[in-house]
Amino acid sequence: MLEVKEIRKTYRKPGLMTTKRKLVLDNVSFDMSKGECLGIIGESGSGKSTLGRMILGVEKPDSGCVLFKGNDVQKKSARKGMVSAVFQDYTSSISPSRTVSQAIEEPLKLVGADYDERVIYDLLDRVGLESKIAGRYQHELSGGQAQRVCIARAVATKPEFILLDEAISSLDVSIQVQVLDLLKELKEEMSISYLFITHDIQAAAYICNRLIIFKEGRIVEKTDISDIGKVNDEYSKKLFNSVITV
Amino acid sequence: MLKKVLKHPGVLVCLIIIVALVVLGFIAPLVAPHDPLEVQANLKYAPPSPGYPVGNDYLGRDVFSRLLYGIRPSLLWVLLAMITINVIALGLAMLAGYRRRGTDEVIMRICDIMLSFPSEIMVLAIVGIIGVGLRNILIVIVLLGWPWYTRVYRSAVMKYSDKNYVIYSRSIGNSMGNIMLKELLPAVLPEVAVIAAGNIASLIMSISSYSFLGLGIQAPEPEWGAMLNQAKESLALNPQQMIAPAAVIVGVCILFSLFADNLRNALDVKHVKSGWRRKLARYKKQKRKEAEVK
Ligand SMILES: Nc1ncnc2c1ncn2[C@@H]1O[C@H](COP(=O)(O)OP(=O)(O)O)[C@@H](O)[C@H]1O
Ligand SMILES: [Mg+2]
Numbered sequence: 138m139l140e141v142k143e144i145r146k147t148y149r150k151p152g153l154m155t156t157k158r159k160l161v162l163d164n165v166s167f168d169m170s171k172g173e174c175l176g177i178i179g180e181s182g183s184g185k186s187t188l189g190r191m192i193l194g195v196e197k198p199d200s201g202c203v204l205f206k207g208n209d210v211q212k213k214s215a216r217k218g219m220v221s222a223v224f225q226d227y228t229s230s231i232s233p234s235r236t237v238s239q240a241i242e243e244p245l246k247l248v249g250a251d252y253d254e255r256v257i258y259d260l261l262d263r264v265g266l267e268s269k270i271a272g273r274y275q276h277e278l279s280g281g282q283a284q285r286v287c288i289a290r291a292v293a294t295k296p297e298f299i300l301l302d303e304a305i306s307s308l309d310v311s312i313q314v315q316v317l318d319l320l321k322e323l324k325e326e327m328s329i330s331y332l333f334i335t336h337d338i339q340a341a342a343y344i345c346n347r348l349i350i351f352k353e354g355r356i357v358e359k360t361d362i363s364d365i366g367k368v369n370d371e372y373s374k375k376l377f378n379s380v381i382t383v
Numbered sequence: 048m049l050k051k052v053l054k055h056p057g058v059l060v061c062l063i064i065i066v067a068l069v070v071l072g073f074i075a076p077l078v079a080p081h082d083p084l085e086v087q088a089n090l091k092y093a094p095p096s097p098g099y100p101v102g103n104d105y106l107g108r109d110v111f112s113r114l115l116y117g118i119r120p121s122l123l124w125v126l127l128a129m130i131t132i133n134v135i136a137l138g139l140a141m142l143a144g145y146r147r148r149g150t151d152e153v154i155m156r157i158c159d160i161m162l163s164f165p166s167e168i169m170v171l172a173i174v175g176i177i178g179v180g181l182r183n184i185l186i187v188i189v190l191l192g193w194p195w196y197t198r199v200y201r202s203a204v205m206k207y208s209d210k211n212y213v214i215y216s217r218s219i220g221n222s223m224g225n226i227m228l229k230e231l232l233p234a235v236l237p238e239v240a241v242i243a244a245g246n247i248a249s250l251i252m253s254i255s256s257y258s259f260l261g262l263g264i265q266a267p268e269p270e271w272g273a274m275l276n277q278a279k280e281s282l283a284l285n286p287q288q289m290i291a292p293a294a295v296i297v298g299v300c301i302l303f304s305l306f307a308d309n310l311r312n313a314l315d316v317k318h319v320k321s322g323w324r325r326k327l328a329r330y331k332k333q334k335r336k337e338a339e340v341k
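Chains as they are written, first to last, in this note's numbering: chain A, 138 to 383; chain B, 48 to 341.
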């Protein structure tokens, strides 16, 4: 369903005089099939979010391409209604001038869906929020609530693919588990594929079928969740061991 | 957004006064008690009297009527110039700040070139070529004014176009025009409104000062800066002539500055209560507590 093909991305190094560029993504390729949950694990600064922006088609790779059901994601028509995203920083994920219900309406309006208040209330209910929240603004929500609204917004059009970029990393640990469970349920219900980007290997192991270990813009290991004991790469071994010893 | 802004008392009061002034400017011929150009030699430098509430100038013309007629060039045309500048600047800023890369580079380099000329000298030079007059001054001000605003608004647009909600909007497949109108415009509009309203005062001042220098509107047409200029001629003997036009210019500038300030407060979503209301709420709460204690 999703094919990432040999993506390279460089950014200009800061500074007036330099023409040197920093390699952020180096030849990244992987596939994802329908209904799958693929985890991308890497330390911060390893280029995970950059990869996410390429996959969402909001930024162009220097070379390589991302195909969604055979179409280049750079084209808007390839994504409309089928792709969605949830980001780490929930404070800036909802426009400050929109209420919760207006935020959830946005994707519905875009695909020209037929909807009314009840659809919004159902969605809110589905992510465990009360309907009285619908009229609130982003700054009147707690972190967990805001992230749930973002999830409700992401699943509103029943997309086939959602990118979760550190979607739970800014939440309290107890709320992290709740949100992970919610994501799992929604996945079963609507057969959505997740690309779960995180630095938290435990969370990834909790929800994903497959993991990709990412380091300095390169894939160092791809493994099924059942085989994480059998990884070959040194860095991945260290990573998994650190979790197991904890 | 508009509703919330209008609920803010400060904004509302300022806006009512501004609208009233604009309307007065439009209907000046109907409400002005006298012809602003009517010369009455016997009323030269006359102090305020029942028929002439702020007195008469060096030709015996009614200062009050001249102030009313002066709203049009001094305020309406300035507002129009400001709106034009802002529409151009906002459009370019959105293109530059959202598209980035080549588009940004081209627009910013043009701005740099425009900004590298000292604007006062450019105004004098261009007016020297195309001739004096209010219309020419306004054209020159618009031509020279947009680059500065473009730069300022561009950085605001850039700040918001990196926000997650804009990235989300793009990722689900919204078009560029849609994102500009529905995400970026509402986000930058508060900043734009505050900057524009805050700078109207200085634009009024500069238009008036060009008229004061004799570059803008030409005698005998009434304009506040030009009136001030004429009053200056008799500064030694009749200094009170300066008071009315100067007070009006300063008053309008203060009005717009207050408007800008209040607008900023009203547009800030997190700014739920203005200062005095918060104090009032705290005071009431304290009173209630005291009552409970008793
Ligand atoms: N727009 C950008 N311009 C320049 N450098 C960037 C930009 N975005 C990301 N980077 C750089 O790319 C690297 C990877 O960033 P990011 O993808 O955010 O990592 P992660 O999400 O894994 O923490 C960082 O070193 C960052 O400085
Ligand atoms: Mg990141």
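Worth double-checking, as some hints may not be accurate.
Listed below are the simulated DSS-like cross-link pairs for lysine-lysine, each with C-alpha atoms no more than 30 Å apart in a straight line [to be verified]:
| # | chain 1 | residue 1 | chain 2 | residue 2 |
| --- | --- | --- | --- | --- |
| 1 | B | Lys50 | A | Lys213 |
| 2 | B | Lys206 | A | Lys157 |
| 3 | A | Lys367 | A | Lys142 |
| 4 | A | Lys269 | A | Lys197 |
| 5 | B | Lys206 | A | Lys150 |
| 6 | A | Lys367 | A | Lys212 |
| 7 | A | Lys269 | B | Lys229 |
| 8 | B | Lys206 | A | Lys159 |
| 9 | A | Lys269 | B | Lys331 |
| 10 | A | Lys212 | B | Lys229 |
| 11 | B | Lys50 | B | Lys332 |
| 12 | B | Lys91 | A | Lys269 |
| 13 | A | Lys212 | A | Lys197 |
| 14 | A | Lys157 | A | Lys171 |
| 15 | A | Lys197 | A | Lys159 |
| 16 | A | Lys295 | B | Lys332 |
If you want a taste of the chain A side facing chain B, the calculated C-beta under 7 Å gives, among others [to be verified]:
| # | residue |
| --- | --- |
| 17 | Gly182 |
| 18 | Val195 |
| 19 | Pro244 |
No lab work stands behind these hints, which were simulated from the structure alone.
As the structure is a computational prediction, the values presented were derived from the model and not from experiment.
Yeah, the Cβ is synthetic: ideal placement off N, Cα and C, and Gly gets one too.
Okay, the hints, checked on the actual structure:
For the proposed pair Lys50/B and Lys213/A, the alpha carbon gap of about 34 Å is over 30 Å, so the pair is violated. Simply put, Lys206/B and Lys157/A have alpha-carbon atoms about 25 Å apart, close enough for the 30 Å limit, and the pair holds. The hinted pair formed by Lys367/A and Lys142/A meets the criterion: a straight-line CA distance of about 26 Å does not exceed 30 Å. The hinted pair formed by Lys269/A and Lys197/A fails the criterion: a straight-line CA distance of about 40 Å is larger than 30 Å.
Using a Cα cut-off of 30 Å, the hinted pair Lys206/B and Lys150/A holds, with the two alpha carbons roughly 20 Å apart. Using a Cα cut-off of 30 Å, the hinted pair Lys367/A and Lys212/A is violated, with the two alpha carbons roughly 39 Å apart. Between Lys269/A and Lys229/B the alpha-carbon distance is near 25 Å, which keeps this suggested pair within the 30 Å criterion. About 23 Å separates the Cα atoms of Lys206/B and Lys159/A, which keeps this hinted pair within 30 Å; it holds.
For the given pair, Lys269/A sits about 28 Å from Lys331/B by alpha-carbon distance, which is consistent with the 30 Å threshold. As the CA atoms of Lys212/A and Lys229/B are separated by approximately 20 Å, the hinted pair is consistent with the 30 Å bound. With a C-alpha separation of about 28 Å, the suggested pairing of Lys50/B with Lys332/B holds against the 30 Å cut-off. Proposed proximity of Lys91/B and Lys269/A is contradicted: the alpha carbons are some 70 Å apart, above 30 Å.
A hinted pair counts as satisfied when its Cα atoms are at most 30 Å apart, and Lys212/A with Lys197/A qualifies at roughly 11 Å. Taking the CA atoms of Lys157/A and Lys171/A, the gap is near 39 Å; set against the 30 Å cutoff, the hint is violated. Taken as a hint, the Lys197/A and Lys159/A pair is honoured in the structure, with Cα atoms around 16 Å apart against an allowance of 30 Å. Between the alpha carbons of Lys295/A and Lys332/B the distance comes to roughly 48 Å, so the proposed pair goes past 30 Å and is violated.
The restraint placing Gly182/A at the interface with chain B is violated, with a minimum CB-CB distance near 17 Å, outside the 7 Å limit. Interface restraint check for Val195/A: the shortest CB-CB distance to chain B comes to about 5 Å, inside 7 Å, so the restraint holds. Interface restraint check: Pro244/A against chain B, minimum CB-CB distance 5 Å, threshold 7 Å, status holds.
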